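K.L.:
If you want the building blocks of each chain, they are given just below.
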Amino acid sequence: MVAIVDYGAGNLTSVIKAFHAVGADVRLIDSIDGLAGAEALVVPGVGHFAATASLGPDWRAAVREAIDSGMPTLGICLGLQWLFEGSEEAPDTPGLGMIRGRCFRLEGPVKVPHVGWNTLDLPSRPSRLFDGIASGVSAYFTHSYAAPCVAETAATTTHAVSFSSAVERDLVFGVQFHPEKSGTTGLKILTNFLRVARERR
Amino acid sequence: MLAKRLIACLDVRDGSVVKGINFEGLRKAGDPAELAARYNEEGIDELTVLDVTATLEGRRALLDTIRQVSARLFIPLAVGGGIRSMDDARAVIDAGADKVSLNSAALADPALITALAGIYGSQAVIVAIDAKRGPNGFEVFGRSGTTREAREAVGWAREAADRGAGEILLTSIDRDGTRSGFDCELTAAVSTAVPIPVIASGGAGTPEHFREVFSAGCADAALAASIFHFSEHAVRDLKQFLASHGVPMRLDW
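For the protein sequence lines, the chains are A and B, in the order given.
Adding 6 to a residue's 1-based position in the first sequence gives its number in my numbering.
Adding 47 to a residue's 1-based position in the second sequence gives its number in my numbering.
Hint data in this document are derived by calculation from the structure and do not stem from the laboratory.
Just so you know, not all the hints are guaranteed correct.
The following label-pair restraints were derived from C-beta to C-beta distances [as the list claims (entries may be wrong)]:
1. A/63 with B/192: 47 to 55 Å
2. B/206 with A/175: 38 to 46 Å
3. A/63 with B/294: 30 to 38 Å
4. A/43 with B/232: 55 to 63 Å
5. B/192 with A/154: 26 to 34 Å
6. B/287 with A/37: 45 to 53 Å
7. A/137 with B/291: 27 to 35 Å
These numbers were taken from a predicted model, which means no experiment stands behind them.
The beta-carbon is built from N, C-alpha and C at its ideal position, and this holds for glycine as well.
Bound-form chain B, shown alone (with noise of 0.2 Å):
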């Protein structure tokens, strides 16, 4: 039976993970390869690294970073952030990532999705959606989550869908940062809308958290950040946590 997954998110700036990170016995607190190495050895099923820098500097960092990251890890990565262009795709996928993320290029030029899954494939490209709660439903933003797109979230996934996208990745802004629990309402109306697999972002603070989102909001997969940078084993546990659940899990690795 098809596993739902587990996505560890690490947010990037200059080659180091920011949020706080408190593991025992990295040598180097928020070092990416570190972390998805820590990470990896805990049973996560999935890692993506999301560039949250602007600078030029910075991006030639992130390819550092992709190397290292995916020099010891034979698990899908996945990276967002920043990604504008084929040429952009390009170097983070030679790099060593498995799927590029898209957020504000595909809404831009919304081809962009057609023409990298035409090279890649589908199964390499992810499409972003940063959504929040307005009169006018799920209603879509872009540049990280600053400027309202004239989209709601249920037809953009659609026609990201249709356009050649493999996966969603949504993203509650009302949520994200929260700890309050997933939008299960959002997450739901997306999921059952297309027939890709939905990553489902933003809230989460407890085991039941995920528990809610993988049966009320029919996700197919699950991302977090700061969740699992609670305890050393955080992964561990949530996934015999939901398994006890009746969730279906990978638990050999």
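Excised from the complex, chain A in its bound form (with noise of 0.2 Å):
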């Protein structure tokens, strides 16, 4: 069972189809006491990353044991983003700090928010989010700000300027674009999170 965590940033109907599309089994969480049982985590989110100032230090604290317990945990969009140590976007709002640096704002001679299918480099080291995908898929993104490239960077996107569309580090992982609105590419990346999820059972 995949629970996902909805704390008030938008709408989840998608993401729950999405990954019963792919066979699995979801629950709704919106305590901590929802991650008991769970084989995996997913912390979706759209808007402002004020947002998830609701993931207060109780949410941060169960997170981490849950990931260290060896629960796989993937980041959505502003989910990614929480995975970092926060973002201008709301600089009193830390986030889960797993991963270290701060998101940005998109700036440039282009269109912000940055809307539209987009392309995914990825790296040559191996991947398990992007097993089977090949570097140059396209993805459906959505949003103004966005996460930098670091050591974890298991994809980036060109948006002016190239950021972390995706991260990867043990069983931490996020992708900026919305998996559940990227046709097959996107089912096949949900597809090989839940295998992660799986193998540890």
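Please dock the two separately framed chains into a single complex, following the hints provided.
P.N.:
Shown next as structure tokens:
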């Protein structure tokens, strides 16, 4: 069973539907008690980084503990940004801090928000999230802030500047794009994430 | 590189797509879910369901349509037509829409844009602007193009963006249904004035029209209905044409 955190940051219908489509049982959780019995954790979210303030100290401690005890965790969009230390968008709201770095506003001679299909450039190092997926595939994005390129970067995308469109370290995964809206590529990525969870069972 | 988007619009009335659809192999001509699945296979980047019904029964049918369309679709789905309130928006989003498109309701109550963006995020809120050339520039019309508003398109688009809209769907009333090409001047005027993406609509007739609106028109996306119904591979062929003319396109799906 995949636990999806519902902290009030946007609509989760599409995320739930996509996990169902790849054969997962899903439970929406709005308190840390819901983590019990989950085989994997998903932190979704759209909108302002300040919305992650609902994921306060209790949540941060519980998620870190879950990851330490072997629960694969996937942040989607705002959820990826939350894996970092914080964001320019809401400087007083701390992120989970599993990955070093702060998210920044996209700027340049381009439209912001960055909306639409853009390509994922995959480094040559192996990735469980992108197993069977070729560099250069397209995914659907919609966001104004982005995470820096760091050692954990598993895919980069460029919209005036390059940013982490995916991160991966041990059991911690994050995607800036929306796998639930990225067609067959997106479903393949969710399947790969589920496989990590099932291998650990 | 960010691709330019092609968006297919399904005009739906009482659960069926109106306008002639003649794809071979569809079990039921005009079934929105089948047509959506077909477009998805052909590589469409996004779908818009436009409700052209006015009756209460039609609204209920629309929610069923959204559920059916979104059940098999993992690309963005926008829904427009007759969304007048937070409750209307909530109903279509709960049924599976990723974005709602507001037109007359945003004109009547611009605060609705901000309220919806506050709950669902700006990425879920499209403001649709129907514009027509007139003595005062590009004039905005509400109520399906029947009522002239005391607004002009560029200013209204800026205000909508300031109020939290995530995208603008810009339709040229002059060109709509003519197949004589998008109004590139209108599209460029709005697209260069706002920081958010602009979807051009109205007038698509040939692949060249799309090339023009993505270059001279500075459009971020283009929406059409009937041109995609002409042939079985219309979407795929159009994408390949545009890519061969240097327009960034998503070609993997």
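K.L.:
Against each hint, give a clear statement of whether it holds in the structure.
P.N.:
These are the hints, each one checked on the structure:
{"no.": "1", "hint": "A/63 with B/192: 47 to 55 Å", "verdict": "53 Å, holds"}
{"no.": "2", "hint": "B/206 with A/175: 38 to 46 Å", "verdict": "44 Å, holds"}
{"no.": "3", "hint": "A/63 with B/294: 30 to 38 Å", "verdict": "49 Å, violated"}
{"no.": "4", "hint": "A/43 with B/232: 55 to 63 Å", "verdict": "60 Å, holds"}
{"no.": "5", "hint": "B/192 with A/154: 26 to 34 Å", "verdict": "46 Å, violated"}
{"no.": "6", "hint": "B/287 with A/37: 45 to 53 Å", "verdict": "50 Å, holds"}
{"no.": "7", "hint": "A/137 with B/291: 27 to 35 Å", "verdict": "32 Å, holds"}
In this structure, the hints that do not hold are numbers 3, 5, in rising order.
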